[in-house]
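Peer 1: Residue strings, one per chain:
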Amino acid sequence: MSNGTLKGGNGRDAVDRTGPRVSGQQRAASRRWSRRTLLSALLIVLVIPATILLGVFVLDDRKYYFVSLLIILYTLVPFALVFENRKPQARELIVIAVLAAIAVAGRAAFFMVPQFKPVVAIVIIAGVSFGAEAGFLVGATAGFVSNFFFGQGPWTPWQMFCFGIIGFVAGLLYRKGWLKRSRLSLCFFGGLMTLIIYGGIINIGSVMMFTPRFNWQALAAAYATGFWFDLVHAVATVVFLYVLSRPMIEKLDRIKTKYGLVER
Amino acid sequence: MEIYRIENVTFSFPEQTAPALRDVSLRIRSGEFVAVCGRSGCGKSTLLRHLKPALTPHGSREGSILYRGREVGEWDARTQASEIGYVLQSPDNQIVTDKVWHELAFGLESLGVDTPTIRLRVAEMASFFGIQSWFRRDVAELSGGQKQLLNLASIMAMHPSVLVLDEPTSQLDPIAAAEFLGTLSKINRELGTTVVLTEHRLEEVLPLSDRLIVLDAGSVIVDEAPREAGARLRKLDHPMFRSMPSPMRIHAGSGAGGPVPLTVKEGRQWLDSVAGRAIADSGTGEVKEPAGNPDGARRHAKERASGARPAAVELQDVWFKFAKNAPDTIKDLSLRVEEGEFLGLVGGNGTGKTTMLSLIGGLLKPYRGRILVAGQDPAKTSPDKLFRGLLGVLPQNPQSLFVKKTVELDLYEMLDGEKLSEAQKAERIAEVVRFAELEPLLRMHPYDLSGGEQQRAALAKVLLLEPAILLLDEPTKGLDGFFKEKLGELLRKFHEDGKTIVMVSHDIEFCAKHAKRCSMFFDGSVISSNETAAFFAGNSFYTTSANRMARHLDRAAVTEEDVIRLCRTER
Amino acid sequence: MRRDAFASYHPVVGFAYFVAVIAFSMLWMHPVLQAISLFGAVVYSQLLRSAKALRFNLLYMLPLLLFAALLNPAFNHAGATILFYLRSGNPVTLESLLYGAAAAVMFVTVLIWFSCYNAVMTSDKFIYLFGRLLPGLSLIFSMVLRFVPRYRNQIGRISLAQRSIGRDATQGSLVRKAQNGMRIVSIMTTWALENAIETADSMKARGYGLPRRTSFSLYRFDRRDRLALGWLAFFAAIVLTGAALGHNAIRFFPSIRMEPATPLSFIVYASYCALCLMPVGIQLVEDFKWKFIASRT
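Read top to bottom, the protein sequences are chains A, B and C. Here the first sequence is numbered in my numbering, starting from -16 and rising by one per residue. Here the second sequence is numbered in my numbering, starting from 24 and rising by one per residue. Here the third sequence is numbered in my numbering, starting from 222 and rising by one per residue.
Chain A with its partners taken away, still in its complex shape:
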């Protein structure tokens, strides 16, 4: 049960319909996966190349930014649609909202220390406790809503994507057994993800925004100047994971069992 994904329905349901429900759930789960895979395949095979072609032929100089921005937005679409289509339960919404709100409040609480933010740590914990999808949604929601407090800008989709994908990968690797619940494993993963995925992608985003004509030197310069910020961010993630991961995962487990949030 520890690696159960977040699935609504209260304990009563789980008790009332035991046998047939499990297989039904599994079927639903596999259907869900296949639908997302299908949608993603469609995006990768058709829509993304079309966007790139459009960029190359129509947009000329601005192609890099627009194409990358659109691709980022596309990645959010399948998650959103799959989530909406399966009619999430009240408790699922609540758990995602609570975790995202903790991340946002945490980001706000540490406003005076630049880059020293708990968001990535909380997103990873969400992914590990409630599965890849919940991890993605917590991350993307935290990225989006926090900008209602700090100001929306061209960076919003990039942040949503980065936080989301980190939560997603955390959930996925945990399910595969490559990521453990131990502090060491989580801290290592968290630091690496922050440095490589978050730092890596956000810097590409800002280079695309800043210097319209993409070139490698500019990207290298961006990485060089951004390195210390990214390092602080990674250290923050490691510190937060080191201290918070165990108690938070315990708390989430308690909530899962106490209120029957788990797909058994």
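Honestly, the hints are just simulated from the structure, not real lab data. Note that beta-carbon positions come from the ideal geometry of N, C-alpha and C, so glycine has one too. What you were told as hints is all true, and nothing was included just to trick you.
Chain A regions said to be covered by chain C (calculated; three or more residues, Cβ under 8 angstroms):
#1 62 to 70
#2 82 to 94
#3 225 to 236
Go by the hints and put chains B and C onto chain A.
Peer 2: Below, chains B and C without anything else, positioned relative to chain A:
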């Protein structure tokens, strides 16, 4: 017409042997106002949750619950959602969205009502509840009372035929609670909505109720109109009788006959008929003045200023404001609390009581004046020195102290920084556990405790630091009569050890019963202060209901016992 | 923020408007179009946020603009007109300097438009827009917006309660401060999770999860909104036509080249101008009308 018919319902939670409800049979007629009461853990919340299948806890159930003649779970989900309204305890937790108007519309959105209809219903509700002026606000800006009113309005927008409320006013101050109950009564009278509620504030609820149901260990022991229910409880000599309104208890205690009074008004009339005649006959015809009042207060103050005992807490001409241009929250406040005193500070919301506690705790600093705690300035004393062995603060919400996953670990956590051996720690904890009667709760998660138990666990945590002075902020908030009694006992024990207590509270009855001295806080300052009995005798409105009932005969009769004695002697 | 006339329009109008101006500002680097957009953005932000906007524009945007303009020639050495050589031997060209300036203007313009967006498109408008499309997610957004102020408030309370048992997160050594800070986060998490269960109950009690949920809002799409949207589409269409005909383009490398200005390009410029100044225009017309009404009574 019957709206609910509950027949022989027995319910047990999974993995628990004792059933939470035992053979409960009840009928609720349409348009009735029914109050349900009982001690914490008697199963009243469980019973209420059975009235709404969406909230029914899981476990095994026997018996049937019919809503309008049909098993309640068999009605389609839409009917269940709209016709059975359910209001929960916490004003804050129930609000889902960030805007008042959106919250009002939430239920209607779920039901799939179209926009023009929602517009109309939301407008109606806002007008009925007086929400117009804050209709477009963020919910974060509302007061607790406004939030609970919003929750009620949001349910009412769905046009329920029955309203189920689980201790809706327990987190509200008395003024907001009275307003909420007034609105509830208005809904019952003017719209004919059936109301079923559990409540601690029976004094205010019983006059509104058609029927009182008392639960004990999952069984219905009383199910009658309030007066008869009171009489029955008394006959059973049941501890719940202690929670009945003062007039009823005085009537019972006096042994005099006559109709049972429920409200202060009825109580006064009854008292007149019993004792008033005797006083008139005795020929004095004058109201008895308590000794030395109001000069008493002045003399009292003078005596205290030159008091023999040293001051535990002393505030001298203290002024405080939250920001440079903000109005003063604390104005020219002077207060002296002697060592070994038990002071109750009463006063309305927003008068600065909590701010004063923060000032004493050194969390805030005055911009003028002096504060001394055991002769030291708390803001300049290191927290280690101040909060270890000197000052203990019990916060309003005990949940803000719990860190660990069991009560026991949480207690140990408190001693983390102390230089004590394991054995010493265990000994100290054992002592506190005994004191606060926590033995059966040690293995539980702090959040699985009831409100009163959480309060005691938090108190135990604070007492582990062995304070000489204890500051309490609204300690009776959300507690039922039983837990209040228990808290009162604990405080008395603590006080009898020679420790000092400063308690801030709305709860007049609790202060009257337990504090040794009381002060009235108003507009950022203490405006009167006296020994408890004399203090309440000197007030006219802000006093216990027993006193309000009897003060035209004897101002000094503050507690129920005083009034009962009055009845006996006059007769 | 003062009351803005354009902000009172239906969220669809506002959102469409900002998507259009921000996308257009990012698309075209033609100097005339850039100047128009920058001007529109600055004037509108001034109108919306007055003193604060001026400080923001001067203090942050101007240095950023200069920095971004100078950054490009350091990396980009294409272009035919060589001005001088850097110490590394790489040339600095006029084209790359101008290109850097244009890119910087674009960046700054977009940021200023976003600052206007943040003032006009408040969270409830956004939630309304996506409420029908993504009901579950927009409800999550609304819940997060509800929880965040509540959690911040609770963090304050917890830290006060912790301070009064001697666990102060504002004093002491860094390690101790951090420890106490983390304890607060931990307490907050438990509190948030445990209390959220009642929130879920309250959602279920009000029928959340029934099929065919609707989405209510206070906004109404009236004649005024239709009109504004119509004009918006009209101007945008002209500008896009101009783009299709190549009037909006500029080529920087190897040498700068633009389409020569024709009467049609002036129509495009005028339309773009009208588009970028639309909110300002609406405000001015409304102010004027109000004065007129006020003077009559």
